Amino acid sequence: MSIQNRKEATANSEWAIEARGLVKNFGDNRAVDGVNLNVRAGTIYGVLGPNGAGKTTTIRMLATLLKADEGSTRIFGYDVAKDPHIVRQLIGVTGQYASVDESLSATENLIIFSRLLGLSRAESRNKAAELLEEFGLTEAAKRPLKNFSGGMRRRLDLAASLIAQPPLIFLDEPTTGLDPRTRNQMWDTIRRLVKTGSTVLLTTQYLQEADELADRIAVIDHGRVVAEGTVNELKASVGTSSLHLSIQNPQDIQDARQTIEQVLKVQTSISSEIGKITAPMADADKVTDLLIALRQKGIRLDEMSVQKPTLDEVFLTITGRGAEDDASKSSNESDKVEEERV
Amino acid sequence: MSSSTINQVAGRQLRKKTSFKQSVSNSLTMAYRGVLKIRRTPEQLFDVTLQPIIFTLMFTYIFGGAISGNVQNYLPVIIPGILVQTVITTSIVTGVQLREDMDKGVFDRFKSLPIARIAPLAGALLADTIRYTIATVLTFTMGYIMGYRPEGGLSHVVLAALLVIVCAWAISWIFAFFGVIARTASSVQGISMIVLFPLTFLSNAFVPADTLPNWLQWFVKINPISHLVTAVRDLANSGTVGWDLFASLIGAAVIVAIFAPITVRAYMRRT
Ligand SMILES: Nc1ncnc2c1ncn2[C@@H]1O[C@H](COP(=O)(O)OP(=O)(O)OP(=O)(O)O)[C@@H](O)[C@H]1O
Ligand SMILES: [Mg+2]
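Protein chains in written order, with the UniProt record's numbering: chain A, 1 to 342; chain B, 1 to 271.
Think of the hints as simulated: they come from the structure by calculation, not from any bench.
Listed below are several chain B residues computed to face chain A (Cβ distance under 10 Å; list not exhaustive):
#, residue
1, Gln13
2, Arg15
3, Gln22
4, Phe110
5, Lys111
Just so you know, these numbers come straight off a predicted model, no measurement behind them.
Just so you know, even glycine gets a beta-carbon here, dropped at the ideal spot from N, CA and C.
Construct all of the structure, not just a fragment, from the sequences and the given hints.
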């Protein structure tokens, strides 16, 4: 096959998701207000946003679970509204709340989903065993899910989404409520998925998670995409990196600050650690001048680093509120929802 | 991921719709899920096991002397009555559980799978026939223990049992409809009881219709439950088939003809 041909053959599946102007109203509440998303096949795409931003609602519309009031979505070129059945053959969905059967065992759950997907009885049994093995659930396979921990449930949930090996997987807050170790395992699993050729769209409230996993990120707030790009692009959009200096001799610190303020013409601040000075750095070139000036004054440096803005800062700047506040509020809220469901 | 390399989009055979065969197969799988759930939580069978036992004992000894002179004579009257009442009450559970199920997270997964949309509904209705069978067998067994010897013989008793199960299945479409449109499971229970209570008690299930005041007789005689009870009595007690049997079957067919389409439509809109 010539390169030309191959290009044509993959043309319609270059984009896993193309969503245009999605809108969803719940009564007077415009939960999603004109969302556009383009997700390239074979990548991890992060949707980031505070509570109630419309992440879940957006995912549900993309995954055929909810009809959009306005706008359109194509999944690998297939229109969600016109060909929902085809789209369902291409996606796996792991919702925000466990979508497995509480009263059944892990094996029974996977067997039923496999049977529904058209596997034979024997194939279903094998598939279930294989997935349980892969997700470290073999020992708990026969226990009813009522006794499963949150992490186990989440893993089973993800396993159930992978039965048909779908090329596109939606994960709504896959690590909310997981301990750090289980969260890392989940991250590894997601990375492996993409290595095998899947596309993953995940939502998260953890900036670190988006930073770790996602190739591109969309920040959603009040039902709108307020920023979109790679992690680095987003960080760059918030502006300057910062310069961190540790001074060897704490007595020199006032001297050092003056020098920095003179050379870089910016305000500096002293961070909580003794002898550490932080300054915004707009022009990297001036650092050379600064270092020379410090040497001339006999101020010795312990350590020097340049830091890009964290995603936290990006988030704060874009949405105008603290991410941490929202994240902690959300975990309380989701606890409440869990309780109501019980 | 060792085992799973992802099948890419181009290599897949994509179908635009579910075939009839797939719909049947999906529904059977969903019914299998219902059976598994019953097996996993046997306590949800309390109603179908206890009600036949308690009601049969209670009604027989309370009304037996007053209505038929003695318990022995009352059994052929009351057993078919209790049978119909118990099994049809059981069909409420279909609606209640459907509502509970639809509120659960697992339903989202069913909706996201490329399966027949109707399968979860059809599966639930199918699995619940097991409950009707249990209730039926227990009621007849209870009657037998208390001395009920239906003259129609075993084959007619089996036919009567099948008739009740079929009619209960038909009626369960009504409750499935409530289940689909209601907001909460307890409201389904509430509405269903309000519909069912007068229907089962204002019938000839417990007392012969001619002992009732005229205005009530009128209702009891047109009440479809009365026809079903009479049909069961005819079959079990004398092995005969009368107009009531056809009336019951026609009634069942009418219920399905009305409620199956509107339930399915409401269900599709809701999901
Ligand atoms: N079924 C519904 N009926 C009415 N309002 C809804 C419904 N689902 C969501 N909403 C509202 O839509 C808005 C967006 O909700 P959504 O669940 O999409 O947010 P989210 O970004 O997923 O939030 P979270 O981080 O808490 O999961 C919220 O204001 C919510 O109250
Ligand atoms: Mg959400």
